[in-house]
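As a plain string of letters, each chain reads:
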Amino acid sequence: MFRFKNRIIKNMDIRYRCKGFTYIELAIAMAIITFIILAFAQLFIRSSISIKGMQFQTLAYNFAGDKMEEIKNEAFEAIGGPWFPEIWETETQTLSGKSFTRNVRVDQVDASLIRVDIEVIWAEGGENRTIEVSTLIADKW
Amino acid sequence: MFNLRDEKGIALVMALILLAVLSLLAVAMVFLGRYETRFLVKERLSDSALYIADGGVEFAINELQNDLSYRGTTSYFVASAGEFSVSVSTDEQPANHYEITSTGFVPGATNPRETRTVRSVVNIVPGTPPYAVGAKDGITVASNITVRGDLRSDGQIVLGNNVFIEPSEPGASDGSIYTSTGIAKGVWITGNLYMQPGREIKSRGPTNASQGGDTSGTGIYQESRIRSGNPYICEGDTSADTNPLGSYSSVDFTALDNMDKVVYGSYMNYESNETFNLGGKVHKFTQGVRFSSNVTFQGEGTIWVSGGSGTYGLELCSNVHGPEIPGETGKYYPANVNLIVSAGNWSGADIMINSNVNINGLVSGKTEVDANSNVEIQGVIESGGTVNINSNVTIQWGEFGFEVPIAGSPATTVVRSWREL
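Keeping their order, the protein sequence lines are chains A and B. For the first sequence, this note's numbering gives the first residue as 1, with consecutive numbering after it. For the second sequence, this note's numbering gives the first residue as 1, with consecutive numbering after it.
Next up, chain A with everything else stripped away, as it sits in the complex:
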């Protein structure tokens, strides 16, 4: 009789333990999951912003590089004033939904040597971002 009672209690304990989670367990689990999700979300958002920014920077460099190659293939006489710091040529293009402005400035280092500076400006996160590439071009005989 005594042995039978003990078994019933034991069985009842097991049933009781398998019933579900306590509120505390649930809260801790939710907190952990929320923390993980927030951490990942932040990582994704930051990465996304960073990747987007770098993509814009790459587009800006390409935009500048295209013009630089074009100018390098021009005859020396065709590249000229108004001289630095005036803008020689300016152009705006929309690339990947972003507006980029390219300014070309030419500076006469001496009669047969010029410096070409190409800056590309675009707005990102409420601020203007700029990259610049420069080279020298000689008037070859």
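Simulated from the structure, these hints should not be mistaken for lab results. One should not assume that every hint holds.
[Stated by the list, open to error] Covered stretches of chain B, as calculated for chain A (at least 3 residues, CB under 8 Å):
{"hint": "1", "region": "32-42"}
{"hint": "2", "region": "53-59"}
{"hint": "3", "region": "72-85"}
{"hint": "4", "region": "227-241"}
[To be verified] Computed footprint of chain B on chain A; a stretch qualifies when at least three of its residues, placed anywhere within it, have a C-beta under 8 Å from a C-beta of chain B:
{"hint": "5", "region": "26-33"}
{"hint": "6", "region": "43-54"}
{"hint": "7", "region": "74-83"}
{"hint": "8", "region": "105-116"}
Given the structure is predicted, the values throughout are model-derived calculations rather than measurements. Backbone N, C-alpha and C define an ideal beta-carbon position, used for all residues, glycine too.
Fit chain B to the given chain A structure using the hints.
Chain B in isolation, oriented as in the chain A frame:
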């Protein structure tokens, strides 16, 4: 005892493992994306460093054009974009060749984010016109012709069959065709034309677009006969490449007349199998001159016809060359001679070069220069009128075997090679 059928708790463990793996993958993807874009930006910065390094080469070319003893600059800032250091060497280089090595740093040589180094060999040739064949009124090229250098005219250029226009050396920046004329068929390609990649044909004549295709009304006609090189075709060109040169007589005659010279007051006819000793002098023929076949030019010098009348001002018949190469019977060095006609009244051509002629120098006529068959010229052919080249002729742009005073352009610069180290 361990029981495989006892699966209690396995779902949780599996879920955790899966979550960990997925998390790792997600993190890896994020970092890979960021790394890739960072790499792209690094590559763009690297491009920027390359422009700086190339600017160093251009800087050195400019310095060399002003002073051939220039040997380098340790540090030069190109605005705020970067800095380069450049050095110039002539070691193990042929005459008038300069090896320029330039390193570009972004943003500067101190703690650079990117560094690129380029090396270029530049040939600055004093006293050489900037074309292999140049003529004011027009150039006619027949068949099996090789021109290593530029063809340039203010008139029409007619190209025959199997014409090869190549750079003066592999990697050199010349080997193009330019005409400043605005007429139709300014460049008329009548047979197979072979060019090298990156070269160009430019004319100021009407464009294909304005004439409804490549018709006889266009500035460059029969472009489909270009068999290789895929040159850049530009009609209606307004660039400096097709600026009229005006004069295709590049000789400074006052300076030429002041050189050590021998004057011949009557028409001279040198018979066959003669040796003409140039002796480092200008030989000024005031009434014209003819060299018969098998003439050997000894030494180096200039043949200059300054007047007279007849069929040809300066005639080279067959087998004209320099001395025999020792140990190689029947093989000859080119004759180091310049052939110049500045005046006279000639019913044929100013300069007539017949067959089997091999010379190293400038061939400069006033109204007409003709080169017949099996002619090899290392130098330049130019004419104030026309140049007519027949068959099996090779013209290699380069330095002359004997100095010629050149008016106008004091030198020509050709970029022979450009590579990244």
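Would you pick out the hints that fail for this structure and give their numbers low to high? As far as the earlier hints go, only 5 is violated by this structure.
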